[in-house]
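K.L.:
Spelled out, the chains give:
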Amino acid sequence: MDEPADPPDTRFGRWVRLDGAEPEGVPFTIDGEPAEGRNGDTLLTAILTVRPDLGPLPPDRRVRAGFCLIGLCQDCWVRLEDGRRVRACTTPLEPGMAIRLETSDRAW
Amino acid sequence: MVKSDPLVVVVGAGPAGMAAARTLVEGGLRPLVLDKQPAPGGRMWQQPAGSRQPCGLPGHDAETAERARKEFLDLAERIDWYPGTTVVDATRGRLWAMGPGGEVDETSWDALLVAAGALDRVVPLPGWTLPGVYTLGGAQTALKALGCAVGRRVGFLGTGPLLWLAAAQHLVAGVEVAVVADTSRWTGAMRALPDLLADRARLALGLRCLRMLRGAGVPIRRGIRAAAIEGGENVTGIALATRRGPRRFACDAVAIGVGLVPQTQLLDLLDAPFDLDAESGVWLPRADRAGRTPVEKVFVAGDGARPLGAAAAALSGERAALAILEDIGRPFDRDRAARLERDLERHVRFARGLARAFPFPAGLEAGIASDTVVCRCEGVAAGAITAAVRAFGCHEVNAVKALTRCGMGRCQGRLCGLAAARIAAVTAGVALAEAGRLRAQAPIEPLPARVRRTAPDAVA
Numbered sequence: 001m002d003e004p005a006d007p008p009d010t011r012f013g014r015w016v017r018l019d020g021a022e023p024e025g026v027p028f029t030i031d032g033e034p035a036e037g038r039n040g041d042t043l044l045t046a047i048l049t050v051r052p053d054l055g056p057l058p059p060d061r062r063v064r065a066g067f068c069l070i071g072l073c074q075d076c077w078v079r080l081e082d083g084r085r086v087r088a089c090t091t092p093l094e095p096g097m098a099i100r101l102e103t104s105d106r107a108w
Numbered sequence: 109m110v111k112s113d114p115l116v117v118v119v120g121a122g123p124a125g126m127a128a129a130r131t132l133v134e135g136g137l138r139p140l141v142l143d144k145q146p147a148p149g150g151r152m153w154q155q156p157a158g159s160r161q162p163c164g165l166p167g168h169d170a171e172t173a174e175r176a177r178k179e180f181l182d183l184a185e186r187i188d189w190y191p192g193t194t195v196v197d198a199t200r201g202r203l204w205a206m207g208p209g210g211e212v213d214e215t216s217w218d219a220l221l222v223a224a225g226a227l228d229r230v231v232p233l234p235g236w237t238l239p240g241v242y243t244l245g246g247a248q249t250a251l252k253a254l255g256c257a258v259g260r261r262v263g264f265l266g267t268g269p270l271l272w273l274a275a276a277q278h279l280v281a282g283v284e285v286a287v288v289a290d291t292s293r294w295t296g297a298m299r300a301l302p303d304l305l306a307d308r309a310r311l312a313l314g315l316r317c318l319r320m321l322r323g324a325g326v327p328i329r330r331g332i333r334a335a336a337i338e339g340g341e342n343v344t345g346i347a348l349a350t351r352r353g354p355r356r357f358a359c360d361a362v363a364i365g366v367g368l369v370p371q372t373q374l375l376d377l378l379d380a381p382f383d384l385d386a387e388s389g390v391w392l393p394r395a396d397r398a399g400r401t402p403v404e405k406v407f408v409a410g411d412g413a414r415p416l417g418a419a420a421a422a423l424s425g426e427r428a429a430l431a432i433l434e435d436i437g438r439p440f441d442r443d444r445a446a447r448l449e450r451d452l453e454r455h456v457r458f459a460r461g462l463a464r465a466f467p468f469p470a471g472l473e474a475g476i477a478s479d480t481v482v483c484r485c486e487g488v489a490a491g492a493i494t495a496a497v498r499a500f501g502c503h504e505v506n507a508v509k510a511l512t513r514c515g516m517g518r519c520q521g522r523l524c525g526l527a528a529a530r531i532a533a534v535t536a537g538v539a540l541a542e543a544g545r546l547r548a549q550a551p552i553e554p555l556p557a558r559v560r561r562t563a564p565d566a567v568a
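Going down the list, the protein sequences come from chains G and R. Counting with my numbering, you get residues 1 to 108 for the letters of the first sequence. Counting with my numbering, you get residues 109 to 568 for the letters of the second sequence.
What the hints contain is simulated information worked out from the structure, not anything from laboratory work. You can trust all of the hints, since none of them are fake.
Chain G side only, calculated, beta carbon under 7 Å to chain R, not exhaustive:
#1 45
#2 65
#3 67
#4 73
#5 85
From the three backbone atoms N, C-alpha and C, an ideal C-beta is built for every residue, glycine too.
Just chain R, same shape as in the assembly:
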């Protein structure tokens, strides 16, 4: 590497970040890869902890994941890889990250690729803050990476492909599945079929999960209109309002989720624009098909750009890396870029099918009871949001945050921001877009008091 080579920083070493790093190395660069996890793979291709073995769960392609991780580790000599490193702040041309020892380092960048992944989206429900309630992705992480089940008898509640996949994976792992309760209906899946055929393998996987759960006699309830998680000090069950009346299922753990939300806090700090996806109510970072945001030399890829799954994330990471090479004036393969975009189009079509098959339960979110906690960090109930909107005549979600503390806590509104905006918009009688989106604040993750600063550019 000659000294004048531009410094490309990749944030995240999941499927997208790993593919991008490889492509950048092929393009003659030495990227700096900052990843929060101690090992590469992100959450979707995470390495099992210790000597735990991948246990042949449906939909968990351990071989693909291991191959991708190995390919990345083989690059180790040709990249600057910092595992266990959390990026906490960024401006144009600079960023700050905290290493595993609690030291904060600073680096410059000439191009930045944000491949930060996604988090489960949750709809606040009565009892969702009880110990024993986890996100679907959390329950899955326990199973896939930690070698644990989050309970002895787990109920699954929400909607989306992950609901069914996680339930089937628990079944295969020998965990009792109390119920699969989905807010969506079979009819939506029928209408979605033409788009779902865009990825027959994943469609087949979904049907296989369904067959396994049915075959095992797991209660399946669809078209859920309302749900509550019951318990005092612990989860004791799920109460459902179904079309056939109320139902209750005993369990000691619940996994909830209604899709995924991209982790875009870094893009936010860099003033990248977002657009509201009207169907899901999620704000997605604006980017072209190659992953270029309107902010110069800032790129986004993977589920952190738009949740399309691990395979698509790898494609989009590769595509974004080619765009980086192009934008810094390096040779790149135009045909390969076009081919990647075509492949990605298939995943976008499949995702459209999923959105139709498992529509976001906006009614459940809008119809929240006033005493249901929305912000688990600050303990803010829905009633406090509606009261503030009415009393102050404002519905912009950052104003609501200032008035109620909703979204002001440790997670910075990652879990409650979308619900708070919906509640504010519904209360004020305005369109969802009018409520806006919670702004991220630096540091985007909590820093411990022992944090210390090292010399500038110590990382680079």
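Looking at chain G on its own, in the form it has when it is part of the complex:
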């Protein structure tokens, strides 16, 4: 053991924003709960800076949080309240978007 175990605290978001250069907030909701992203965010950025993951996905209902971030691994599809299914890493966040993670396991 080279380093002391330091359990990660991902309760409030897996990703960390690196700069404060993006002051403009973009409101959206996750499962009805209000959240705020930043101008220029992808859906994946917006979700993972406030949540630890995208919830469980088929086939194994494994909890996921994206992987390639460039639209190729297809491991970040989420459902919107309006029924659309979108790839979170290539979809720009728009004000008022309503994301449904609770039901993302029914998306397939």
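Position chain R relative to chain G; hints supplied.
P.N.:
For chain R alone, coordinates are given in the frame of chain G:
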């Protein structure tokens, strides 16, 4: 433009596609450029999102990238550029693409240049499907374009120049680097030195990254024989088998990668042939030095042809555009073409050096544990592949896919195809080439159910 001008379609607006578009315009054509990204630059020269500023990361030449993007945008009046557009199917002379609104359009083409870029290659490891594990390129994209780090303390695992570059970039961005664990050894780098001298600037960059990481006291482990990513619901650490015994490093995110794989699905649909690069185990599209594939009027350039980096991609895009001009009977500068090929040769030599310095860890891939997931889309473990190969006596990877569902999921085997072929070949005791390569299927990316078709030729 006169109506009889041939229609050249360029797929991708990264370094290769942008250079090709410019060269085609210079040659008097009006190319149609289809790009998946909302902004030009591809992944290597990607524009930071929103008003985020490029933050002076090592190896990220923001100025070159911005200049190339600006040059391309200045062409906008003289090309037909469709950003946010994903090509999903192609046949000889036609292709289909989905626009940002979910509409699928169809266009004809007289010549097609595929400049689709590359994806990180990964070796399946225990725990690689945990949330918090990303590709090296993904972690880099978060940093460079999204203004985020994928975790608070990131471990880097794999091999190749990107491993060291991405780790150094995280360090500079103020992210804690838990470890850099490389399967390659220092001795390989020594032997590679003569070829690496072909590009002194990139060699110097690599050494600078190494110095920065060492200077910051980041643990560096080389010659990794086995590795596992630990965690339950989240990544908690990396466990390594080193020559000095087991080691463990705590972290909340891991970036993995062992090189790049060209994105060749479109070429596959067009029946372009591929050759196995024996050293890396990657299938590369067959093409001449100008980027001509054996399929008439189909060309390939950039990292999507052979991963050589952004600078080489721009050169090869320009070279392929000259070949297109030549093949459709337009005047082109023969000396310029020869000069580009000479310049590219230097990048090929450097890449040979990199392959020697950071050899693909075939042993790690071949020695995969039976319960390690290979196909993350379908949740297929290595044991299912070995069992199918033994039970049915077949080792061809498309047959293995049919038997196990490995490679049958959403990503179409982009991430698992090479590993599945290796496991099948090793199990059957045949050469890797015998296992073949996973065939792409149209549509090459998932289409949403809301997709609708617009009138034919609406794009062109």
